[in-house]
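With the hints as constraints, model all of the structure from the sequences given.
Residue 128 in our numbering sits at position 128 of the sequence shown; the count goes up by one each step and never skips.
Not one of these hints is a red herring.
Derived lysine-lysine pairs resembling DSS-like cross-links, with alpha carbons at most 27 Å apart: (1) Lys91 - Lys123; (2) Lys131 - Lys61; (3) Lys121 - Lys131; (4) Lys91 - Lys61; (5) Lys121 - Lys91.
No lab work stands behind these hints, which were simulated from the structure alone.
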Amino acid sequence: MTTTDPSAALGLLCFNADGLVPAIAQQHDTGEVLMMAWMNRDAVIETLTTGRVCYWSRSRKGLWRKGETSGQQQRLIDFLIDCDGDTILLKVDQDGVACHTGRRTCFYTAARPEGLAEVEKVKISPEELYKK
Numbered sequence: 001m002t003t004t005d006p007s008a009a010l011g012l013l014c015f016n017a018d019g020l021v022p023a024i025a026q027q028h029d030t031g032e033v034l035m036m037a038w039m040n041r042d043a044v045i046e047t048l049t050t051g052r053v054c055y056w057s058r059s060r061k062g063l064w065r066k067g068e069t070s071g072q073q074q075r076l077i078d079f080l081i082d083c084d085g086d087t088i089l090l091k092v093d094q095d096g097v098a099c100h101t102g103r104r105t106c107f108y109t110a111a112r113p114e115g116l117a118e119v120e121k122v123k124i125s126p127e128e129l130y131k132k
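Laid out in structure tokens, this is it:
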């Protein structure tokens, strides 16, 4: 995706009382849902102007540039706003794994009639991913 002027998107988005909007990351070519995170105005601006996905980390209280410590970056392909303006769908090109647990997706636990099932295996250990 080429860079985009964020002003129109910002005008459509409805941020919550904390100044955040949920963002779902989806692999653009497979439709695989990778993760959900939060974005504030600055994260939206940075994402749209650089083409590299940036979120707001509630725990660190700062911008979180996906992949800055793990190398597992997300490049923006498309930025979609839902009908109410209160959720973003980011179609991305994900390098490697998306989850901090070393799995491709953060959605790896399924609630099944027989109980919980792990449906996504660890592809890389968190220790290797973050080289701690």
